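Chains as they are written, first to last, in this note's numbering: chain A, -5 to 191; chain B, -5 to 191.
Be a bit skeptical, because a hint or two may be false.
All copies of an identical chain are treated as equivalent in the list; a pair is satisfied when it fits inside any one copy or across any two copies.
Below, simulated DSS-like cross-link-like pairs (lysine-lysine); rule was C-alpha separation at most 27 Å, straight line [claimed, not checked]:
hint	residue 1	residue 2
1	K159	K44
2	K46	K16
3	K16	K186
4	K186	K91
5	K154	K15
6	K91	K2
7	K186	K46
8	K186	K159
9	K46	K154
10	K154	K186
11	K2	K44
12	K15	K118
13	K16	K91
14	K2	K154
15	K44	K15
16	K159	K2
17	K46	K15
In case anyone wonders, no lab produced these hints; they're calculated from the structure.
For clarity, every value in this text was computed on a predicted model and none was experimentally measured.
If you want the building blocks of each chain, they are given just below.
Number of protein chains: 2
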Amino acid sequence: MSDPQFQKLIQSFSSLPGIGKKSATRIGFHILRMDPTSFQSWIDNIEEAKTKLRFCDECGGLTEEPICSICLSDRRENGILCVVEQPEDIFFIENTKEYSGKYHVLNGAISPLDGIGPEQLRIKQLMNRLDSGQINEVLIATNPTLEGDATASYLSTVIKPMDIKITRIAHGITIGGTLEYSDQYTLGKAIKSRLTL
Amino acid sequence: MSDPQFQKLIQSFSSLPGIGKKSATRIGFHILRMDPTSFQSWIDNIEEAKTKLRFCDECGGLTEEPICSICLSDRRENGILCVVEQPEDIFFIENTKEYSGKYHVLNGAISPLDGIGPEQLRIKQLMNRLDSGQINEVLIATNPTLEGDATASYLSTVIKPMDIKITRIAHGITIGGTLEYSDQYTLGKAIKSRLTL
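Input sequences plus hints: build the corresponding full structure.
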């Protein structure tokens, strides 16, 4: 059981977010019990997704093409940009069906302790998009955490001189929690009742 | 985000035991963020383990060879056989360092509701091993659940005529729980204070 191959298998799974050693062991045995055909199609699905999926050159969201379908869509509002920390946040907001504008992913939040400042985030790309003059509202949907708040207030400061309305989702999100774990109704309400900063 | 490739990726992970849709989504994005080299070695490790690992022809435990190192070892007691439901249970018992005999994996437990009777388990193989006459104790370490208890009492009935001592780990295991989630000390104590049936 201390077999090095099995250790490597467990290690592969315990390196994934949210999976401890016991869960990794269970998953490892599940993999070993799979018949070779199911296993191969399991591996193939993951490899194919990894090969085909990428992040949008414009907004940073998930896509199979250089520019994602939300950025290319002419059925979405062009004047409003929702700023999120992670590409998966787009997924959670789309799920609420309360937002029809476009997105911008920062790839993180400002966190001095972790050495993450504005330069490490996709803020320059955001400013370039705002410079185009087509955007009249920026909806900040960073997480209601220390880092998310710091990012929101930084963005608010740098965008303010540009004569663009700045809003932030506000209602219903538990303080200290993350966007990912809000249910879609709470998150939808938070978008509806956003406050002007 | 409703991208079919991404859905397939999430599906691959949510099909694993103990992983729900939200965890699968987080893992999916983790995979997409991995650099291609790390991803390839992650995939390679899993594929290599799946190819090299198999179940022992003798005891049913995890091994890279036809017969596992525990079955082949001459430093382990040959007269005692510990019967477990799953190959991973060997791992948990080895971890206690309280047992030095050999093992026999049933690959499940008797469960009439799921259509699992003695014929679906590796009980015939167990009886063949007992017929060799070398075994003087069978330590039943099935889980303390309805199915595990049913299996233990079935085994006790069929082994009794053979003049073999039958014991069962007893102390400290939470009723209704599973071997997997016992800590190693409780499980070790349970092995030490086993009761003759």
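| request: At 27 Å max between alpha carbons, let me know whether K46 reaches K15 within a copy, between copies, both or neither. | output: between (30 Å within a copy, 21 Å between copies)
| Given a CA cutoff of 27 Å, do K159 and K44 count as a within-copy pair, a between-copy pair, both, or neither? | The answer is neither: 37 Å in one copy and 55 Å across copies each exceed 27 Å.
| said: Reference check for the pair K44 and K15, CA-CA at most 27 Å: within, between, both, or neither? | reply: both (25 Å within a copy, 18 Å between copies)
| query | Checking K91 and K2: alpha-carbon separation at most 27 Å within a copy, between copies, both or neither? | reply | Classified as between: cross-chain Cα gap 22 Å, same-chain 42 Å, threshold 27 Å.
| With identical chains treated as interchangeable, where does the CA-CA distance between K159 and K2 reach 27 Å or less: within a copy, between copies, both, or neither? | neither (52 Å within a copy, 39 Å between copies)
| query | Within a copy, between copies, both or neither: where do K154 and K186 come within 27 Å Cα-Cα? | reply | Cα proximity of K154 and K186: one copy only (22 Å, versus 71 Å across).
| message | Within, between, both or neither: how does the pair K15, K118 come out at a Cα-Cα threshold of 27 Å? | response | Neither. Shortest intra-copy (40 Å) and inter-copy (33 Å) distances fail the 27 Å Cα cut-off.
| query | Using 27 Å as the alpha-carbon threshold, which applies to K186 and K46: within, between, both, or neither? | reply | neither (34 Å within a copy, 55 Å between copies)
| request: Pop the pair K46 and K16 into one bin, within, between, both or neither, using alpha-carbon distances up to 27 Å. | output: For K46 and K16, only the inter-copy Cα distance (22 Å) is at most 27 Å; the intra-copy one is 32 Å.
| said: When Cα atoms must be at most 27 Å apart, do K186 and K91 count as within-copy, between-copy, both, or neither? | reply: Answer is within; shortest intra-copy Cα gap is 11 Å, inter-copy 59 Å.
| said: When Cα atoms must be at most 27 Å apart, do K46 and K154 count as within-copy, between-copy, both, or neither? | reply: Classified as neither: same-chain Cα gap 38 Å, cross-chain 60 Å, threshold 27 Å.
| request: Measure nothing new, just compare the shortest in-copy and cross-copy C-alpha distances for K16 and K186 to 27 Å and report within, between, both or neither. | output: Between. Shortest inter-copy distance 24 Å satisfies the 27 Å Cα cut-off; intra-copy 42 Å does not.
In summary, the numbered hints that this structure violates are 1, 5, 7, 9, 12, 14, 16.
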